[in-house]
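Student: Each chain, written out:
2 protein chains.
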Amino acid sequence: MKKFINDPEKVVDEMLEGLLIAHSDQLKSVRSDNRALVRADAPVSGKVAIATGGGSGHLPLFLGYVGKGMLDGVAVGDIFASPSSQQMLDTTRSIHGGEGVLYIYGNYGGDVMNFDMAAELADLEDIRVETVVATDDVASMPQGYEHQRRGVAGMFYLYKLAAAKAEQGASLDEVKRIAEKANANVRTMGVALTPCILPAVGRPTFEIGEGEMEIGMGIHGEPGIQRGIIQTADEVANTLVSTILKDMPIEKGSDVSVLINGLGATPLEELYIFYRAVHKLLEQKGIHVYSRYIGEFATSMEMAGLSVSILRTDEELRSLLDVPFVTPFRIQN
Amino acid sequence: MKKFINDPEKVVDEMLEGLLIAHSDQLKSVRSDNRALVRADAPVSGKVAIATGGGSGHLPLFLGYVGKGMLDGVAVGDIFASPSSQQMLDTTRSIHGGEGVLYIYGNYGGDVMNFDMAAELADLEDIRVETVVATDDVASMPQGYEHQRRGVAGMFYLYKLAAAKAEQGASLDEVKRIAEKANANVRTMGVALTPCILPAVGRPTFEIGEGEMEIGMGIHGEPGIQRGIIQTADEVANTLVSTILKDMPIEKGSDVSVLINGLGATPLEELYIFYRAVHKLLEQKGIHVYSRYIGEFATSMEMAGLSVSILRTDEELRSLLDVPFVTPFRIQN
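Line by line, the protein sequences are chains F and A.
Be aware that the first sequence starts at 1, since it is given in the working numbering, and climbs by one per residue.
Be aware that the second sequence starts at 1, since it is given in the working numbering, and climbs by one per residue.
These aren't lab readings, by the way, just hints derived from the structure by calculation.
For clarity, every value in this text was computed on a predicted model and none was experimentally measured.
The reader is advised that the hints may include incorrect statements.
No copy labels: a pair is met if it fits in one copy or bridges any two.
To be verified - Listed below are the simulated SDA-like cross-link pairs for lysine to any residue, each with C-alpha atoms no more than 20 Å apart in a straight line:
1. 68 <-> 29
2. 28 <-> 328
3. 2 <-> 113
4. 2 <-> 221
5. 10 <-> 230
6. 2 <-> 207
7. 280 <-> 231
Produce the entire structure from the sequences given, and follow the hints as far as they go.
Tutor: Quick look at the structure:
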């Protein structure tokens, strides 16, 4: 196992400790196990607070999205494992600024169960909690079963847009409406070339043959919809974009935002080659790219692969895309 | 070869095309081959301009450092190959705002030869050019031969500090002085776990056995100083930090800036575990970390590995570290 770690059992603890040392001006821990982290200035009084969470192993997801103009707090679990409801509750308590809390997280069984329980516990303390579950992965379930789809990199847009709305002083209902609107208008599809290695297991989570790729694979290695020989970047881009557009038609003349997300080991050079293909495919259909994000946003440790997310926008969503944010993972100086 | 590319011969062209499409508001090309790229607002009148360049395959180096508060232009070559003197000259002409141009680049034979020639050609056009060559890799040559060392991730500090000085309206001599001061006060040492694959070659540039690592390896796979079984993150950190501090003593009570650079495939989780170790080692010696950068700054495509750079600071360098910058690779919204 080629990793820079100490004890495989302490990977998450030491990662969190390093992160808190590095970003103590922006983040603080509200539990002795460091599994609940919030903005250093939390709670922000008079603002709807937004929390997320999930398993570790996806940096910058989730911790990288805490900050001004972004999220208020996160609960993090072990590698690929849900945090507990108590960890989520502690995050919730620490970020509540009097205007309620919105949970935004990916649609995975453990997370749903624990966030729902945390919401019930918060309710007992008179903290109003609403929930929007991200279900952007088109490959995970067919049409008609959208609400059963997994949440992957497109969740970034739910965060970004809802947080921008909260930053403007909107109510919990309004912030929730924006998160739901973002979820309804974003689709993601990924492709993996290599597996990742769970530190505590020490071997790859699955196998992909030399010269093979898997289209539609999830960020924990969930099976995709098509395995085959590696195609060119242009061919793969065509498959992903056309699947997304079949699932979510976008009218000619529309503006979209595009997120090209590296899953871990894929070089930025390849993400730009991929963006080039996606941009051209959209342009050919008369779809304009209003904004784009290219880099690592939701990883699977050292997995080689990428995903494409497309957000269908209107004037409201575009104005929220323009709101700046500051997080530990976006250096300013 | 597991890469998202089309034609191995077109990797750089298509990457540059994708990059220019994505960041047309911030970057522009000044040659039909796109190998000379400058700030969209270049030339900036009345400001010393800074140019860099080198081979492709190291994103965000070099292109990611062009922008306000950072560099003015770059010339880029093929994967791991120097750009031509003509490409550098075209960059130089396009960024010259009347106050001269500073070249900052890593110490590699082809780059030195071509940048020197470009400087001579610029001189014929009455553009004053000065040069500072980055030599931060302690592992590449022993003490006494510092000027023959390679330039690696620590070059980021030369860029950042010199650019901040230029932004403040300083003269070419002053900006050069800062770049030299940064180079004299920064040391880097890296460690690799896996090789990278040149697209046009299709196989790894070298082999490292399963369970082995190589300490001191360069960002093009240049041999390191010690190959052995993989050690823990804490042990590797100790080797790198103590080698750096032996080469460049840092007094108790000093302030430093630390850069933990991922070489490509190494997950951010591991970089934070590594930062934790580096921070603790410095703290034990009474050295305070004034600022830190953790992420990918100078990669070697999909190489797994990392490097540590330590910048010894004084009040002047710290005030320059605080100057904000905006580049295509640092999203603001």
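Student: Run every hint past the structure and note whether it holds.
Tutor: Comparing the hints with the structure gives:
1. 68 <-> 29: Within one copy only: 17 Å inside a chain, 34 Å across chains, cut-off 20 Å.
2. 28 <-> 328: within (12 Å within a copy, 29 Å between copies)
3. 2 <-> 113: neither (34 Å within a copy, 37 Å between copies)
4. 2 <-> 221: both (19 Å within a copy, 17 Å between copies)
5. 10 <-> 230: between (36 Å within a copy, 17 Å between copies)
6. 2 <-> 207: For residue 2 and residue 207, the Cα distance is within 20 Å both inside one copy (17 Å) and across copies (14 Å).
7. 280 <-> 231: For residue 280 and residue 231, only the intra-copy Cα distance (18 Å) is at most 20 Å; the inter-copy one is 46 Å.
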